[in-house]
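With the hints as your guide, set chains B, C and D onto chain A.
Residue numbers (our numbering), protein chains in the order written: chain A, 1 to 161; chain B, 1001 to 1161; chain C, 2001 to 2161; chain D, 3001 to 3161.
Simulated from the structure, these hints should not be mistaken for laboratory data.
Owing to the predicted nature of the structure, the values given are computational and were not obtained by experimental measurement.
Where hints are given, some of them may not hold.
Derived DSSO-like pairs (lysine-lysine); straight-line CA-CA distance at most 27 Å [what the hints assert, rightly or not]:
| # | chain 1 | residue 1 | chain 2 | residue 2 |
| --- | --- | --- | --- | --- |
| 1 | C | K2130 | D | K3130 |
| 2 | B | K1159 | B | K1130 |
| 3 | C | K2085 | D | K3085 |
| 4 | A | K85 | B | K1085 |
Chain D is faced by these chain B residues, among others (derived, beta-carbon under 10 Å) [to be verified]:
| # | residue |
| --- | --- |
| 5 | W1041 |
| 6 | C1044 |
| 7 | G1048 |
| 8 | N1051 |
| 9 | T1053 |
| 10 | F1096 |
We put the CB at the ideal spot given by N, CA and C, even for glycine.
4 protein chains.
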Amino acid sequence: MAQRFSSSLERMQENQATPSLAEEFGVEGEWSMAVRHRIRWAECDLYGHVNHTAYLVMFEDLRVAHWRSLGQVLRADQAGPVVAKLEARYVRALAFEDEVLLTLRVPGLRNTSFTHDYAVWKNGLCFECKALLVCVKDGVSTPIPPEARRLMIERDGAKPA
Amino acid sequence: MAQRFSSSLERMQENQATPSLAEEFGVEGEWSMAVRHRIRWAECDLYGHVNHTAYLVMFEDLRVAHWRSLGQVLRADQAGPVVAKLEARYVRALAFEDEVLLTLRVPGLRNTSFTHDYAVWKNGLCFECKALLVCVKDGVSTPIPPEARRLMIERDGAKPA
Amino acid sequence: MAQRFSSSLERMQENQATPSLAEEFGVEGEWSMAVRHRIRWAECDLYGHVNHTAYLVMFEDLRVAHWRSLGQVLRADQAGPVVAKLEARYVRALAFEDEVLLTLRVPGLRNTSFTHDYAVWKNGLCFECKALLVCVKDGVSTPIPPEARRLMIERDGAKPA
Amino acid sequence: MAQRFSSSLERMQENQATPSLAEEFGVEGEWSMAVRHRIRWAECDLYGHVNHTAYLVMFEDLRVAHWRSLGQVLRADQAGPVVAKLEARYVRALAFEDEVLLTLRVPGLRNTSFTHDYAVWKNGLCFECKALLVCVKDGVSTPIPPEARRLMIERDGAKPA
Chain A
1 MAQRFSSSLE RMQENQATPS LAEEFGVEGE WSMAVRHRIR WAECDLYGHV
51 NHTAYLVMFE DLRVAHWRSL GQVLRADQAG PVVAKLEARY VRALAFEDEV
101 LLTLRVPGLR NTSFTHDYAV WKNGLCFECK ALLVCVKDGV STPIPPEARR
151 LMIERDGAKP A
Chain B
1001 MAQRFSSSLE RMQENQATPS LAEEFGVEGE WSMAVRHRIR WAECDLYGHV
1051 NHTAYLVMFE DLRVAHWRSL GQVLRADQAG PVVAKLEARY VRALAFEDEV
1101 LLTLRVPGLR NTSFTHDYAV WKNGLCFECK ALLVCVKDGV STPIPPEARR
1151 LMIERDGAKP A
Chain C
2001 MAQRFSSSLE RMQENQATPS LAEEFGVEGE WSMAVRHRIR WAECDLYGHV
2051 NHTAYLVMFE DLRVAHWRSL GQVLRADQAG PVVAKLEARY VRALAFEDEV
2101 LLTLRVPGLR NTSFTHDYAV WKNGLCFECK ALLVCVKDGV STPIPPEARR
2151 LMIERDGAKP A
Chain D
3001 MAQRFSSSLE RMQENQATPS LAEEFGVEGE WSMAVRHRIR WAECDLYGHV
3051 NHTAYLVMFE DLRVAHWRSL GQVLRADQAG PVVAKLEARY VRALAFEDEV
3101 LLTLRVPGLR NTSFTHDYAV WKNGLCFECK ALLVCVKDGV STPIPPEARR
3151 LMIERDGAKP A
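Extracted from the complex, chain A is given alone in its bound form (with noise of 0.2 Å):
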């Protein structure tokens, strides 16, 4: 499993994982992206725990970053993606300057929609999440651009439906 993992993880340029990371941080599971992250003071709350709706903007960077990926720009004025589902399930708590990893993979694409799956990990899963992004133009949605379409099915072994 951890063999499958690193070689996904050796696909993405911009991220540098290296297959020691499925290990450290008890990865589980075939992941195109992975990036370390460490938690911030302003993603906790009261509790002492990461805040809920922290763990959801982690995973807007690694949107962006995944997007920005694919050839493609993030702008009022260009197609992008638009959250439309989410289901996010929150195993373990995680507390101030934890060190965990986030990892990214695409499951599937439409025409105009994709799927991602987001998790957060620390000596095994943490958080997860599934998320059913639109790709949207001028607020109504629009065919997922080529290029961008070529290297989710490509590159992230995205399947389309």
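Showing chains B, C and D alone in chain A's frame:
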């Protein structure tokens, strides 16, 4: 339907909901809490719409108000709700200064957990979310306090599982 | 002092301030706007207090409300206030669910800029801030719209420099 | 000037600053810490620019990193820095995905307080801020821990008042 909605709303002391709210915002179904909200500058992003994380902060406020209405307090050293799961659906985009209605209900509860439904309304449904909340004290799940349990069942219509 | 404060407050339509607010919160000086606020969960950090950035978001809301009270709208393609300088003093810490009063006044204005004073009150002063705001359109400074200028001087008592 | 800047940077272990950073970003003056940053989606607002509060969160991260570099931890039950005053000047607007350099230095210190200068650079100065930080434990000011005091003076060049 609006009839049952309003009678449910009348049970809440804190939020001054009136029968006409359901009509004004196109609310469907029966809800225990309803709060008017005007979309804030800080809730919008570069797309010109409410950011997907901002909805969850709005409902954090509503969840806090609901917990308080159960005679409880939110403090690190007391039993309190922690988000374990979220299922959110972004139905229609909202813009800066939109006037919306936020609603909350409590579909069910178990010994140490309960569920919340959240929705945002403006000429009908704009956003909906199901949350599983675990009652946690000192990092471990703990039974819902008896008074909170009683009010969730009797006042909010929560169904014990 | 409280006398002048209340008469100033009465000039504001939007925020239902009464003479007793000054006494209730220990307000000193004369203010044009006053809004009650209960400290939110999302505004507090690991220290158990309101995070220093949260005060500035509270006053972003008040600044928006004030701009609207001048007959203006906040939109990317319209003249609107942009923060050029801030001087903030954190006098006493605030905690979750504290009931506070937020106040705003407009000490002075020039052709393309104006100043705001902000304060948070609870048994006296907790936070104060002076802001220099530049009226900006399409990325360059632009004269304050005449109607806004008139109201800032006549209603809010702003002194032209 | 750049000479002194780089030698100062070399003293920091954590942040891999090189002499060329000063030239790349148009940095002026001598700084103790320098961190590259790419403007995030969540930091921008409807105006299409970095929101004025986002700068302060960026420097909260830098302040935390600096405190850690002094051999200290940030915890509710330990002596830690609390913001007492801020003076911020927004010099030039920044946009989504701009590559900037964040810098920090420690101009001076007293028994229970110290000062930080923060700045954001991109082809010269974009933002600058002076902060007065009070060392607080259990809600009251407390002397700066000796090791932190020593490093601020010897490594960061802070001048005792």
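27 Å Cα cutoff - pair K85 (chain A), K1085 (chain B) = holds, 13 Å
message = Next item in the hint list is G1048 (chain B). Is there a CB on chain D closer than 10 Å to its CB?
response = Cβ of G1048 (chain B) sits 6 Å from chain D, so the hint holds.
task = Double-check W1041 (chain B) for me: the hint is only fine if its C-beta lies closer than 10 Å to a C-beta in chain D.
result = The hint holds - W1041 (chain B) has a Cβ within 10 Å of chain D, the shortest such distance being about 7 Å.
query = CA of K2130 (chain C) to CA of K3130 (chain D), is that 27 Å or under?
reply = holds, 15 Å
Closest C-beta approach of C1044 (chain B) to chain D relative to 10 Å, hint status = holds, 5 Å
task = Using Cβ atoms only, decide whether N1051 (chain B) comes closer than 10 Å to chain D, and label the hint accordingly.
result = holds, 7 Å
message = Hint validation: F1096 (chain B) versus chain D, beta carbon distance must be below 10 Å. Holds or violated?
response = holds, 6 Å
ask   = Close enough to count: is the Cβ of T1053 (chain B) nearer than 10 Å to one in chain D?
value = Holds: closest Cβ of chain D sits about 8 Å from T1053 (chain B), inside 10 Å.
message = Holds or violated: K2085 (chain C) and K3085 (chain D), Cα atoms, limit 27 Å.
response = holds, 13 Å
ask   = For the pair supplied as a hint, K1159 (chain B) and K1130 (chain B), is the alpha-carbon distance within the 27 Å limit?
value = Roughly 15 Å separates the two Cα atoms, so the pair holds.
Of the hints listed earlier, there is not a single one the structure fails to meet.
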